[in-house]
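Visitor: Take a look at the letters that make up each chain.
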Amino acid sequence: MKRREFLRKLGVGGVAALGMPYFATAQARPVKLAALLPLTGPFAFAGNAGREGFVDGVDYVNEVLGGIGGRRLELIVEDTGYDVARGTAAFNRVISRERADELLFVYGDSTGLSKALAPEIARIGLPYSATSFANELADPKTYPTIFVFGPTYNDMVEALLRQVRLQKGRAKIALVYSNTEFGRDPIPYAKERAKALGMEVVHEEVTPPAFTDATPVVLNLRRANPDHVILQGYALSAEPLILRTAREQGLQARFMGTYYSAELALIQRAGPAAEGFTVTYHNAYWYDTLVPAVEEMRKFRQRKGRDTSYRPTYYMGSLAVALAVAEAMRRAAAAGKLTRAGVVEYLEKLGDYNGLGLQRTYQFVNHRLPYTKLYRASTRDGRFNAITDWIKLA
Amino acid sequence: MSDLLPYLIGGLANGALYGLLALGFVLVYRATSVVNFAIGEFLLVGAYLTYTFALFLPLGLAILAALPFAFLFGVLVERGFVRPLLGRNVVAVIMATIGLAAALDGAVQLLWGPDLKYLSGSLPDLGFHAGEVFVSSRAVWNLLLALPLGLGLLWLLRRSKYGVLVRAISEREVAALALGIPTARVLAGVWGVSALLATLAGALLAVASGVGHNLVFFGMKVFPVAILGGLDSVGGALLAGFLLGVLEALSQRYLEPLLPGFTEALPFLVVLLVLLVRPYGLLGERQIERV
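Line by line, the protein sequences give chains A and B. Here the first sequence is numbered in this note's numbering, starting from 339 and rising by one per residue. Here the second sequence is numbered in this note's numbering, starting from 18 and rising by one per residue.
You may find that some hints are simply not true.
Computed, partial: chain B to chain A, Cβ under 10 Å [to be verified]:
hint	residue
1	T114
2	A118
3	A120
4	G123
5	P131
6	R155
7	L164
8	G180
9	V233
10	G252
11	P277
12	R295
Just so you know, the hints here were simulated from the structure itself, not pulled from any lab data. Heads up, the beta-carbon is just placed ideally off N, CA and C, and yes, glycines get one too.
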């Protein structure tokens, strides 16, 4: 063989060898993950940030991690408008359109939608999670394929009550919550647990999920004179107004909230009244640059020419789900079990994974991750600062 | 009484916003018989206009700067959506405003993005203590703007030439045209004023709780307020706004502990009860034609 011919064949062979995995990936059927998110409507801010987290997560899996066992991970996004009927229609559309051996995970929106879909999800054995942290969903006996990627609302309240107990043993607690499934979910537990911890629930205030005047709410709180007020079920729709009004009316109580109140927009909207507001939050903030996932995604977004400025908590939450689900899929694929049942099996065995630090661990306990940190709002820094390490809640 | 007073003040301040928004709604209905289902979106657009101007102007000036643009927006809506449908079946016009609401929801998200916004800066602090009661700056501003504006509009409608023209058109549009009244211009002005009032309500709300899509839900309150006051009564809208604001505050104080969630349903329950006794609302005219 002549030297020139040898080099040509070597070149062709090399290109083929290098390109084959990509060729194979392109040819193999994709693995699909569907996200049903509120891209329009009152929670569009959260839905769009969440979508961005999924897009980044899926792109990262395909481009950096090499996909799922040589197959491409494909993201399907549908808008729910934060409406159970629209969400159900979107779910049915996706389920009827996609093949069962390709669509291996669905991420839904809201407590209401998830509870509505839960029986059907259990029937078809579809791995599922949602923006909701409702206690009822973390029940593997009833819903063996549903996972809650974080602590439940009950767990979050537990973390807050433990913090209250550290500050004042026999504290007086007030519960302010929206008249929604999201708002009501942890209230029975909060009352029972507060009593068990020797605290007194001195006031309960039920409100619409969004309102324009917090004066009556705050005046009622002032009459009850609690040490701590726990807000639940708002997702930034009312907390800033309540905090501002409380400050105006001279209410001395300390305010607390759960995961969906842990966003910087709360500090921006409430201004100085947000100082000291304590929240539970179980992912990393975009400014937690010591967390490997944050650094990695900053670099990744920079390479992709995407905006690297602050990404909201809803982005981080979706990213944490996307990376963990992809990891479970990759492990299932490696074991030759890349099916819906296989994904459930490997999600349950994900205890040694932490999503580049986005979670403490993905060791599910009753299909939820019972770990959180507490953060406190600092208006001077314009952000939430961690005041505890990981708290184990089960 | 000192216990009750802060609730009453809070209720009146909130009711002032209800009244402001309902004024614009009723004004349009009175002049054109159009039920504007996009009133919540008018408020949303107004809040976002204020937010935009507040990026480079002090907040007070930003609100003032937003008002002429809001007026123009109202005029454009009348020209583009309402006028082509005048004289058609009323259902067609209602459907058009519902479609307009959906289009505006989408347009706002496209133009300003889905992220939550907040207004930088604040209005001068007018809060004060009256004995043991604290009257918040927000309450003072709401009352200070809504009350003179509402009463002024009422006066204009009754006494000014423009008001007479609006009333003439609302009585009989064809006759008004025959008399040489510039109907098209007057009606466009009515829609402009409606958008302007909604913008003011939206700006005052945005000052307190930021700018976001959930402001649209505030627009839902306009229906019980307007129906309670009388769909064709500008004064009734203002009165019903204050009434509902106070009733909601009192309900949150006294009824909510007994009946959780009751306050949310209260405006509609009040409307139901009032309609049973006075089908034309508190101050509405008897010959009102319901759709």
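Visitor: With reference to the structure, classify each hint as holding or not holding.
Guide: Each hint, compared with the structure:
1. T114: 19 Å, violated
2. A118: 12 Å, violated
3. A120: 12 Å, violated
4. G123: Holds, because the Cβ-Cβ distance from B:G123 to chain A comes to roughly 7 Å (cut-off 10 Å).
5. P131: Since chain A brings a Cβ to about 4 Å from B:P131, closer than 10 Å, the hint holds.
6. R155: 8 Å, holds
7. L164: With a minimum Cβ separation of about 16 Å from chain A (threshold 10 Å), the hint on B:L164 is violated.
8. G180: 30 Å, violated
9. V233: 8 Å, holds
10. G252: 23 Å, violated
11. P277: 4 Å, holds
12. R295: 27 Å, violated
Violation of the numbered hints given earlier is confined to hints 1, 2, 3, 7, 8, 10, 12; the remaining hints are satisfied by the structure.
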